[in-house]
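Engineer: Sequence:
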Amino acid sequence: MNAKRFVRYSLLNLLGLLLLYLGLFYYQLGADLKSESSEIEISYLVKDAKAQRIGPARKIILLSGSNALFGIDSALLEQLTGLPVLNLAVHVSLDIDYLYFKMQQYIGAGDIVVMPLEYNHYSREGYSGWFVHNMMVWQADFFHSLPLPDKLRFIVNVDPLRLLQGISGRWRNGLYQSPQGILDNLRRLIDNEGVKWRGYSYTSMNLDGDISVDEPENVPVKQGYIPQPPTVSAHFLNAYQKISQLAARRQASLILTHPVTFRNDQYDLNQPGHRERADNLTRLLQNNGIHLQCDPALFHLDSQYAFDTFYHTNRQGAHIRTQNLARCIQAALAQPLEPGFQLH
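Going by the numbering used here, the first residue of the sequence shown is number 1, and it counts up by one from there.
Source of the hints: derived by calculation from the structure; they are not laboratory data. These numbers come from a predicted model, not from an experiment. Glycine is no exception: its CB is placed at the ideal position from the N, C-alpha and C atoms. It is possible that part of the hints are untrue.
Unchecked claim - Derived Cβ-Cβ restraints for the label pairs, each shown as a range:
hint	residue 1	residue 2	range
1	ASP141	ARG250	13 to 23 Å
2	PRO56	GLU193	29 to 39 Å
3	ASN288	LEU333	18 to 28 Å
4	GLU193	ALA297	18 to 28 Å
5	ALA109	THR309	13 to 23 Å
6	ASP141	ALA57	19 to 29 Å
Unchecked claim - Below 30 Å or equal to it, Euclidean Cα-Cα: the simulated DSSO-like pairs (lysine-lysine) are:
hint	residue 1	residue 2
7	LYS50	LYS196
8	LYS242	LYS50
9	LYS242	LYS151
10	LYS222	LYS196
Could you build the full structure based on these sequences and the hints that come with them?
Structural biologist: This is the structure:
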(Lines of atoms letter the chains of each structure in order from A; the text may use other names.)
(Lines give C-alpha, C1' and ligand atoms only; values in the text may rest on other atoms or scores of the structure.)
Protein backbone atom coordinates (compact mmCIF):
# COMPACT_ATOMS: atom_id res chain seq x y z
CA MET A 1 0.00 0.00 0.00
CA ASN A 2 1.49 3.33 -1.05
CA ALA A 3 1.57 6.34 1.26
CA LYS A 4 -1.35 8.14 -0.40
CA ARG A 5 -3.64 5.11 -0.13
CA PHE A 6 -2.58 4.57 3.49
CA VAL A 7 -3.45 8.15 4.42
CA ARG A 8 -6.79 7.90 2.62
CA TYR A 9 -7.53 4.57 4.32
CA SER A 10 -6.62 5.97 7.74
CA LEU A 11 -8.79 9.06 7.27
CA LEU A 12 -11.77 6.95 6.21
CA ASN A 13 -11.35 4.74 9.27
CA LEU A 14 -11.09 7.80 11.50
CA LEU A 15 -14.21 9.28 9.92
CA GLY A 16 -16.04 5.98 10.40
CA LEU A 17 -15.10 5.86 14.08
CA LEU A 18 -16.19 9.46 14.54
CA LEU A 19 -19.57 8.80 12.93
CA LEU A 20 -20.00 5.69 15.08
CA TYR A 21 -19.19 7.70 18.22
CA LEU A 22 -21.66 10.42 17.25
CA GLY A 23 -24.33 7.81 16.50
CA LEU A 24 -23.84 6.17 19.91
CA PHE A 25 -23.93 9.58 21.61
CA TYR A 26 -27.29 10.47 20.07
CA TYR A 27 -28.62 6.95 20.75
CA GLN A 28 -27.98 7.16 24.49
CA LEU A 29 -29.43 10.66 25.03
CA GLY A 30 -32.21 10.40 27.60
CA ALA A 31 -31.07 7.04 28.98
CA ASP A 32 -32.76 6.56 32.36
CA LEU A 33 -29.74 6.55 34.67
CA LYS A 34 -30.93 6.90 38.26
CA SER A 35 -29.03 9.54 40.21
CA GLU A 36 -29.66 12.84 41.93
CA SER A 37 -30.38 14.14 38.44
CA SER A 38 -33.87 12.63 38.60
CA GLU A 39 -34.66 14.78 41.66
CA ILE A 40 -33.53 17.90 39.79
CA GLU A 41 -35.77 17.02 36.88
CA ILE A 42 -38.71 16.53 39.24
CA SER A 43 -37.99 19.88 40.94
CA TYR A 44 -38.41 21.59 37.59
CA LEU A 45 -41.78 19.89 37.12
CA VAL A 46 -42.99 21.72 40.24
CA LYS A 47 -41.55 25.02 39.01
CA ASP A 48 -42.91 24.56 35.50
CA ALA A 49 -46.37 23.92 36.99
CA LYS A 50 -46.08 27.29 38.80
CA ALA A 51 -45.19 28.92 35.47
CA GLN A 52 -48.36 27.49 33.93
CA ARG A 53 -50.43 28.95 36.78
CA ILE A 54 -48.87 32.39 36.23
CA GLY A 55 -49.50 32.25 32.49
CA PRO A 56 -48.63 35.31 30.36
CA ALA A 57 -48.80 37.81 33.25
CA ARG A 58 -45.88 40.11 34.01
CA LYS A 59 -43.70 38.41 36.63
CA ILE A 60 -40.42 38.18 38.48
CA ILE A 61 -38.17 35.31 37.34
CA LEU A 62 -35.43 34.10 39.70
CA LEU A 63 -32.45 32.40 38.07
CA SER A 64 -29.52 31.02 40.08
CA GLY A 65 -28.39 27.96 41.98
CA SER A 66 -29.82 26.77 45.28
CA ASN A 67 -29.13 29.98 47.21
CA ALA A 68 -32.48 31.18 45.81
CA LEU A 69 -34.13 27.76 46.05
CA PHE A 70 -33.64 27.85 49.84
CA GLY A 71 -33.30 31.61 50.36
CA ILE A 72 -36.45 33.06 48.78
CA ASP A 73 -40.02 33.14 50.06
CA SER A 74 -41.90 33.51 46.78
CA ALA A 75 -45.24 34.23 48.47
CA LEU A 76 -43.68 37.06 50.48
CA LEU A 77 -41.92 38.50 47.43
CA GLU A 78 -45.23 38.45 45.57
CA GLN A 79 -46.90 40.27 48.47
CA LEU A 80 -44.17 42.92 48.59
CA THR A 81 -43.96 43.58 44.86
CA GLY A 82 -47.46 42.87 43.61
CA LEU A 83 -46.03 40.55 40.94
CA PRO A 84 -46.15 36.74 40.67
CA VAL A 85 -42.79 35.05 41.21
CA LEU A 86 -41.37 32.17 39.19
CA ASN A 87 -38.47 30.72 41.16
CA LEU A 88 -36.39 28.67 38.69
CA ALA A 89 -33.43 28.21 41.04
CA VAL A 90 -32.40 24.60 41.72
CA HIS A 91 -28.69 23.70 41.77
CA VAL A 92 -25.46 25.69 41.60
CA SER A 93 -23.79 23.17 39.27
CA LEU A 94 -26.34 23.75 36.52
CA ASP A 95 -24.36 25.85 34.07
CA ILE A 96 -25.26 29.47 33.33
CA ASP A 97 -26.02 28.36 29.77
CA TYR A 98 -28.79 26.24 31.26
CA LEU A 99 -30.17 29.24 33.15
CA TYR A 100 -30.32 31.00 29.77
CA PHE A 101 -32.14 27.95 28.34
CA LYS A 102 -34.78 28.12 31.10
CA MET A 103 -35.07 31.89 30.77
CA GLN A 104 -35.90 31.49 27.07
CA GLN A 105 -38.87 29.30 27.93
CA TYR A 106 -40.70 31.77 30.14
CA ILE A 107 -39.51 35.36 29.72
CA GLY A 108 -42.07 37.84 28.47
CA ALA A 109 -42.47 41.58 27.96
CA GLY A 110 -42.24 43.54 31.19
CA ASP A 111 -40.79 40.66 33.21
CA ILE A 112 -38.09 41.27 35.80
CA VAL A 113 -35.31 38.66 35.67
CA VAL A 114 -33.32 38.56 38.91
CA MET A 115 -30.05 36.61 38.97
CA PRO A 116 -28.44 36.24 42.42
CA LEU A 117 -25.70 34.01 41.04
CA GLU A 118 -23.39 32.06 43.31
CA TYR A 119 -19.86 33.39 42.98
CA ASN A 120 -18.42 30.30 41.29
CA HIS A 121 -20.62 31.00 38.25
CA TYR A 122 -18.36 33.93 37.40
CA SER A 123 -15.14 31.91 37.16
CA ARG A 124 -16.48 28.64 35.71
CA GLU A 125 -14.58 27.85 32.50
CA GLY A 126 -17.11 25.59 30.82
CA TYR A 127 -19.35 22.55 31.21
CA SER A 128 -18.51 20.16 34.03
CA GLY A 129 -18.84 16.39 33.73
CA TRP A 130 -21.69 16.53 36.25
CA PHE A 131 -23.57 19.05 34.11
CA VAL A 132 -23.03 17.12 30.88
CA HIS A 133 -24.30 13.94 32.57
CA ASN A 134 -27.46 15.66 33.80
CA MET A 135 -28.30 17.17 30.44
CA MET A 136 -27.91 13.80 28.74
CA VAL A 137 -30.19 12.08 31.28
CA TRP A 138 -33.11 14.46 31.60
CA GLN A 139 -32.68 17.55 29.43
CA ALA A 140 -31.60 16.51 25.94
CA ASP A 141 -33.53 19.53 24.63
CA PHE A 142 -30.77 21.70 26.08
CA PHE A 143 -28.19 19.89 23.93
CA HIS A 144 -30.39 20.15 20.84
CA SER A 145 -30.80 23.90 21.42
CA LEU A 146 -27.05 24.56 21.24
CA PRO A 147 -25.38 25.97 18.12
CA LEU A 148 -23.05 23.52 16.36
CA PRO A 149 -19.76 24.72 17.95
CA ASP A 150 -21.29 24.37 21.42
CA LYS A 151 -22.70 20.94 20.55
CA LEU A 152 -19.18 19.80 19.68
CA ARG A 153 -17.85 21.32 22.91
CA PHE A 154 -20.54 19.44 24.82
CA ILE A 155 -19.73 16.10 23.16
CA VAL A 156 -16.02 16.51 23.82
CA ASN A 157 -16.83 16.78 27.54
CA VAL A 158 -18.52 13.35 27.61
CA ASP A 159 -16.47 10.74 29.44
CA PRO A 160 -16.28 7.51 27.34
CA LEU A 161 -17.33 5.43 30.37
CA ARG A 162 -20.39 7.63 30.83
CA LEU A 163 -21.23 7.08 27.15
CA LEU A 164 -21.13 3.31 27.68
CA GLN A 165 -23.36 3.63 30.76
CA GLY A 166 -25.87 5.58 28.69
CA ILE A 167 -25.88 2.95 25.94
CA SER A 168 -26.48 0.26 28.55
CA GLY A 169 -29.20 2.36 30.17
CA ARG A 170 -31.10 2.57 26.90
CA TRP A 171 -31.83 -1.14 27.18
CA ARG A 172 -33.69 -0.69 30.48
CA ASN A 173 -35.48 2.61 30.07
CA GLY A 174 -38.69 3.02 32.03
CA LEU A 175 -40.70 6.01 33.23
CA TYR A 176 -40.18 5.99 37.00
CA GLN A 177 -42.93 8.50 37.81
CA SER A 178 -45.46 10.43 35.75
CA PRO A 179 -45.34 14.24 35.99
CA GLN A 180 -48.97 14.39 37.16
CA GLY A 181 -48.29 11.69 39.76
CA ILE A 182 -45.36 13.69 41.12
CA LEU A 183 -47.43 16.86 41.50
CA ASP A 184 -50.36 14.97 43.04
CA ASN A 185 -48.01 13.32 45.53
CA LEU A 186 -46.54 16.68 46.57
CA ARG A 187 -50.01 18.18 47.03
CA ARG A 188 -51.07 15.22 49.20
CA LEU A 189 -47.97 15.56 51.37
CA ILE A 190 -48.56 19.29 51.86
CA ASP A 191 -52.28 18.80 52.59
CA ASN A 192 -51.61 16.02 55.12
CA GLU A 193 -48.34 17.08 56.75
CA GLY A 194 -47.63 20.63 55.65
CA VAL A 195 -44.45 21.92 54.06
CA LYS A 196 -41.40 20.60 55.90
CA TRP A 197 -37.87 19.36 55.34
CA ARG A 198 -37.86 15.85 53.93
CA GLY A 199 -34.29 15.87 52.68
CA TYR A 200 -32.92 16.85 49.29
CA SER A 201 -36.05 15.95 47.40
CA TYR A 202 -38.93 17.61 45.62
CA THR A 203 -41.02 16.50 48.62
CA SER A 204 -39.38 19.32 50.63
CA MET A 205 -40.67 21.98 48.22
CA ASN A 206 -43.78 24.08 48.45
CA LEU A 207 -45.98 24.56 45.40
CA ASP A 208 -44.09 27.78 44.56
CA GLY A 209 -40.93 25.76 44.05
CA ASP A 210 -39.18 27.04 47.20
CA ILE A 211 -37.60 25.00 49.99
CA SER A 212 -38.20 26.58 53.39
CA VAL A 213 -36.70 24.98 56.50
CA ASP A 214 -37.78 25.99 59.99
CA GLU A 215 -34.74 25.12 62.08
CA PRO A 216 -31.04 25.54 61.33
CA GLU A 217 -28.73 22.57 61.63
CA ASN A 218 -26.14 24.85 63.21
CA VAL A 219 -23.49 23.80 60.72
CA PRO A 220 -20.63 26.28 61.18
CA VAL A 221 -19.92 28.38 58.10
CA LYS A 222 -16.24 28.57 57.13
CA GLN A 223 -16.18 30.15 53.70
CA GLY A 224 -14.36 33.01 52.02
CA TYR A 225 -16.90 33.10 49.15
CA ILE A 226 -14.95 35.39 46.77
CA PRO A 227 -11.32 34.67 45.81
CA GLN A 228 -8.77 37.43 45.95
CA PRO A 229 -8.34 38.56 43.27
CA PRO A 230 -11.67 37.54 41.71
CA THR A 231 -11.80 36.20 38.16
CA VAL A 232 -14.44 36.31 35.45
CA SER A 233 -14.25 33.69 32.70
CA ALA A 234 -14.93 34.08 29.00
CA HIS A 235 -17.53 31.34 29.41
CA PHE A 236 -19.50 33.49 31.86
CA LEU A 237 -19.14 36.65 29.79
CA ASN A 238 -20.40 34.93 26.64
CA ALA A 239 -23.39 33.44 28.44
CA TYR A 240 -24.29 36.66 30.21
CA GLN A 241 -24.18 38.55 26.93
CA LYS A 242 -26.79 36.14 25.52
CA ILE A 243 -28.93 36.59 28.64
CA SER A 244 -28.69 40.37 28.44
CA GLN A 245 -29.56 40.42 24.75
CA LEU A 246 -32.53 38.12 25.29
CA ALA A 247 -33.88 40.38 28.05
CA ALA A 248 -33.56 43.39 25.75
CA ARG A 249 -35.32 41.62 22.87
CA ARG A 250 -38.19 40.58 25.12
CA GLN A 251 -38.41 44.07 26.69
CA ALA A 252 -37.67 42.67 30.14
CA SER A 253 -35.56 44.04 32.98
CA LEU A 254 -32.42 42.19 34.10
CA ILE A 255 -31.03 42.55 37.62
CA LEU A 256 -27.79 40.82 38.63
CA THR A 257 -27.29 40.75 42.41
CA HIS A 258 -25.02 39.20 45.00
CA PRO A 259 -26.15 35.86 46.44
CA VAL A 260 -26.94 35.28 50.09
CA THR A 261 -23.81 34.89 52.27
CA PHE A 262 -23.23 34.27 55.97
CA ARG A 263 -20.96 36.25 58.24
CA ASN A 264 -17.98 34.20 59.38
CA ASP A 265 -14.33 34.72 60.23
CA GLN A 266 -13.31 34.19 56.59
CA TYR A 267 -15.91 36.55 55.11
CA ASP A 268 -17.38 39.43 57.06
CA LEU A 269 -18.45 42.55 55.17
CA ASN A 270 -17.92 44.61 58.31
CA GLN A 271 -14.19 44.04 57.87
CA PRO A 272 -12.58 46.29 55.24
CA GLY A 273 -10.36 43.56 53.76
CA HIS A 274 -13.34 41.26 53.26
CA ARG A 275 -15.53 44.02 51.88
CA GLU A 276 -12.81 44.73 49.35
CA ARG A 277 -13.35 41.30 47.78
CA ALA A 278 -16.98 42.12 46.99
CA ASP A 279 -16.01 45.57 45.71
CA ASN A 280 -13.27 44.08 43.50
CA LEU A 281 -15.74 41.67 41.92
CA THR A 282 -18.17 44.51 41.30
CA ARG A 283 -15.44 46.57 39.60
CA LEU A 284 -14.21 43.62 37.55
CA LEU A 285 -17.71 43.04 36.19
CA GLN A 286 -18.15 46.75 35.53
CA ASN A 287 -14.93 46.70 33.50
CA ASN A 288 -16.66 44.08 31.34
CA GLY A 289 -19.83 46.15 30.98
CA ILE A 290 -21.84 44.24 33.61
CA HIS A 291 -23.54 45.97 36.54
CA LEU A 292 -23.73 43.90 39.73
CA GLN A 293 -26.52 45.74 41.50
CA CYS A 294 -27.41 46.38 45.16
CA ASP A 295 -25.22 46.33 48.24
CA PRO A 296 -24.04 42.79 49.09
CA ALA A 297 -24.69 43.64 52.76
CA LEU A 298 -28.42 43.34 51.98
CA PHE A 299 -27.91 39.58 51.63
CA HIS A 300 -25.11 39.09 54.19
CA LEU A 301 -26.76 37.40 57.18
CA ASP A 302 -25.66 36.25 60.61
CA SER A 303 -24.75 32.56 60.68
CA GLN A 304 -27.80 31.81 62.87
CA TYR A 305 -29.82 32.04 59.66
CA ALA A 306 -27.79 29.35 57.86
CA PHE A 307 -29.35 25.98 57.28
CA ASP A 308 -26.91 23.34 56.09
CA THR A 309 -24.45 24.95 53.68
CA PHE A 310 -22.85 28.34 53.15
CA TYR A 311 -25.50 29.29 50.55
CA HIS A 312 -28.70 27.93 52.16
CA THR A 313 -30.84 29.91 54.60
CA ASN A 314 -33.45 28.65 57.01
CA ARG A 315 -36.98 30.05 56.84
CA GLN A 316 -36.18 33.05 59.00
CA GLY A 317 -33.17 33.88 56.85
CA ALA A 318 -35.25 33.54 53.68
CA HIS A 319 -37.76 36.00 55.11
CA ILE A 320 -35.06 38.63 55.75
CA ARG A 321 -33.35 38.02 52.43
CA THR A 322 -36.67 38.25 50.53
CA GLN A 323 -37.54 41.59 52.13
CA ASN A 324 -34.13 42.94 51.20
CA LEU A 325 -34.40 41.57 47.67
CA ALA A 326 -37.67 43.48 47.26
CA ARG A 327 -35.79 46.63 48.26
CA CYS A 328 -33.03 45.75 45.81
CA ILE A 329 -35.49 45.30 42.94
CA GLN A 330 -37.21 48.58 43.70
CA ALA A 331 -33.88 50.44 43.84
CA ALA A 332 -32.61 48.81 40.63
CA LEU A 333 -35.73 49.84 38.74
CA ALA A 334 -35.63 53.29 40.37
CA GLN A 335 -39.39 53.27 40.87
CA PRO A 336 -42.05 51.32 42.78
CA LEU A 337 -43.14 48.15 41.02
CA GLU A 338 -46.82 48.62 41.73
CA PRO A 339 -48.92 51.45 43.24
CA GLY A 340 -49.39 49.36 46.38
CA PHE A 341 -45.74 48.37 46.80
CA GLN A 342 -44.62 48.60 50.40
CA LEU A 343 -42.13 46.95 52.71
CA HIS A 344 -43.16 45.57 56.06
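Engineer: Could you say whether the range 13 to 23 Å given as a hint is met by the Cβ separation of ALA109 and THR309?
Structural biologist: 36 Å Cβ-Cβ, so the 13 to 23 Å window is violated.
Engineer: Next pair to validate is LYS50 with LYS196; report whether the Cα-Cα distance is within 30 Å.
Structural biologist: This hinted pair holds, its Cα atoms lying about 19 Å apart.
Engineer: Given a hinted range of 29 to 39 Å, is it respected by the beta-carbon distance of PRO56 and GLU193?
Structural biologist: The hint (29 to 39 Å, Cβ to Cβ) holds, given that PRO56 and GLU193 are roughly 34 Å apart.
Engineer: Can you let me know if the beta-carbon spacing of ASP141 and ALA57 is within 19 to 29 Å?
Structural biologist: holds, 25 Å
Engineer: With respect to the beta-carbon atoms only, verify the hint that ASP141 and ARG250 lie 13 to 23 Å apart.
Structural biologist: holds, 20 Å
Engineer: Looking only at beta-carbon atoms, does the pair ASN288, LEU333 fall within the given range of 18 to 28 Å?
Structural biologist: holds, 23 Å
Engineer: Using the beta carbons of GLU193 and ALA297, state whether their distance is inside 18 to 28 Å or not.
Structural biologist: violated, 37 Å
Engineer: Is the hinted pair LYS222 and LYS196 satisfied, with a Cα-Cα distance of at most 30 Å?
Structural biologist: Holds, at roughly 26 Å.
Engineer: Does the alpha-carbon distance linking LYS242 and LYS151 stay inside the 30 Å limit?
Structural biologist: holds, 17 Å
Engineer: Run the distance test for LYS242 versus LYS50: straight-line Cα separation, threshold 30 Å.
Structural biologist: Between LYS242 and LYS50 the Cα gap is close to 25 Å, so the pair holds against 30 Å.
When each numbered hint is compared with the structure, violations occur for hints 4 and 5.
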